[in-house]
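Please model the complete structure; the sequences and the hints are all you need to start from.
Chains as they are written, first to last, in numbering that gives the first Met the number 0: chain L, 0 to 214; chain U, 0 to 156.
Derived by calculation from the structure, the hints in this document are not laboratory data.
Watch out, some of these pointers could steer you wrong.
[Stated by the list, open to error] Each pair of labels, with its calculated beta carbon distance range:
no., chain 1, residue 1, chain 2, residue 2, range
1, U, S107, L, N202, 39 to 45 Å
2, L, K51, U, S71, 39 to 45 Å
3, U, E140, L, E106, 54 to 60 Å
4, L, R153, U, S128, 40 to 46 Å
5, L, K74, U, N96, 47 to 53 Å
6, L, N149, U, S71, 38 to 44 Å
7, L, K104, U, D116, 45 to 51 Å
8, L, N163, U, P68, 41 to 47 Å
9, L, E136, U, R120, 17 to 23 Å
Idealized CB from N, CA, C, for every residue including glycine.
Spelled out, the chains give:
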Amino acid sequence: MIKSLSSSKFLIPAMIVLAVLAAGTGFYISLKQSQQKLKNPNIEGLFWPSPKIIQPFESVDQLGQSFGLEQINNKWSFIFFGYTHCPDICPITMSVMAETYKQLKTEYKDLQIIFVTVDPVRDTTEKLAAYVTYFNEDFIGLGGSTEMVNSLTRQIGIAYYLNNEETSDNYLVDHSASIFLFDPKARMVGKFSPPQETEKIINQFKNIRQFIDAQ
Amino acid sequence: MHNNRPVLALLFLFTQLVSYPVFADDNQDISINNVWISEAPPSVTTLAAYATIYNGSSETITLASVSSPLFSSIEIHRSNIVDGIARMEKQSSLTINPKESIELAPGSYHLMLFNPDKPLRSGNSVSISFNFSDGTSLSVEAPVLKRQNDNPQHHHH
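Below, the structure written as structure tokens:
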């Protein structure tokens, strides 16, 4: 008797409470989703939110000087990987970056273009200097020991593989064909995926930079 | 640097318009056009060369090897970007079907030239022999040219 009374008495209020809870949860989820959309605007190649922040690293530039995190700070840096024995893809990327830099530097004075060798054993400082300055005298070439190069590739999250190294002096190196963009706070904020084209890179860079500057 | 761009563009156009057909005695039907070697930075000892090979015959032909007295060796390679990773794949030979051509072009099939005897600058030219499996050998003069900065269709602006 008491039992049946209490169930009929509480059934309708319980249903109302449940309905309100369900509606509230639904509203909360859709609100969260719209917030996420703001946090992650639809810009090609943008790493946002929570871009990776580069930790201290060591390398040697094309002038034989040490090059680390300090040199990445306060500038917009384009970083990509290759090796001077690579006759096709690497010079294509270098030529595209030379043209991109030439066009961008009239508008932006805080850019640096950095080529990192994935073959530091063969790519000595002198070779790197001759290589990067051929494309543009402002370009930076980074090398040093294999450990130094690895300290950078590991952080950026790229892989490279040496082919036939034991059987030939003319070994090949497979490597990432992407160009990575770092903001003045040493955050990896973007990536340009192959195939590389000047116009595409410039548009993407401007979009990413505008977004980061507005944060 | 900016001033010589029209000249380079013209030079490039010239190579695109003027072909270098070479016919061997026993095979009138293979032609090799648009051959060029990409100028490279002075420290570089591996260069790339490009060409279009046309097989006008009714038989399938196979490019077995490529040689030049100026280089220690020449290999046929193909650049390939898979999942963002650039790699070069050595090709033991290239097969060209009847009435078809194969293009050796930047970012794709190319010749890899090892250890030039002397540094090559744009304006130089080098003789390269294309050796086919039927015994045909075609020699062409390959001019050294500066690589274009970008896709030709983007050059108007």
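Range hint compliance [Cβ, N163 (chain L) to P68 (chain U), 41 to 47 Å]
For N163 (chain L) and P68 (chain U) the Cβ distance comes to about 26 Å; the hint is violated.
Is the hinted range of 40 to 46 Å satisfied by the C-beta distance from R153 (chain L) to S128 (chain U)?
Between R153 (chain L) and S128 (chain U), where Cβ atoms are some 45 Å apart, the hint holds.
May I ask you to test the hint 38 to 44 Å on the CB atoms belonging to N149 (chain L) and S71 (chain U)?
At 31 Å between Cβs, range violated.
Verify the CB-CB distance for E136 (chain L) and R120 (chain U) against the hinted window 17 to 23 Å.
For E136 (chain L) and R120 (chain U) the Cβ distance comes to about 18 Å; the hint holds.
When you take the CB atoms of K51 (chain L) and S71 (chain U), is the distance between them in 39 to 45 Å?
43 Å, holds
Could you tell me whether the CB distance from K104 (chain L) to D116 (chain U) stays inside 45 to 51 Å?
38 Å, violated
Is 47 to 53 Å right for how far apart the beta carbons of K74 (chain L) and N96 (chain U) are?
52 Å, holds
For the hint 54 to 60 Å, verify it against the beta carbon of E140 (chain U) and that of E106 (chain L).
For E140 (chain U) and E106 (chain L) the Cβ distance comes to about 43 Å; the hint is violated.
Measuring from beta carbon to beta carbon, are S107 (chain U) and N202 (chain L) in 39 to 45 Å?
25 Å, violated
In summary, the numbered hints that this structure violates are 1, 3, 6, 7 and 8.
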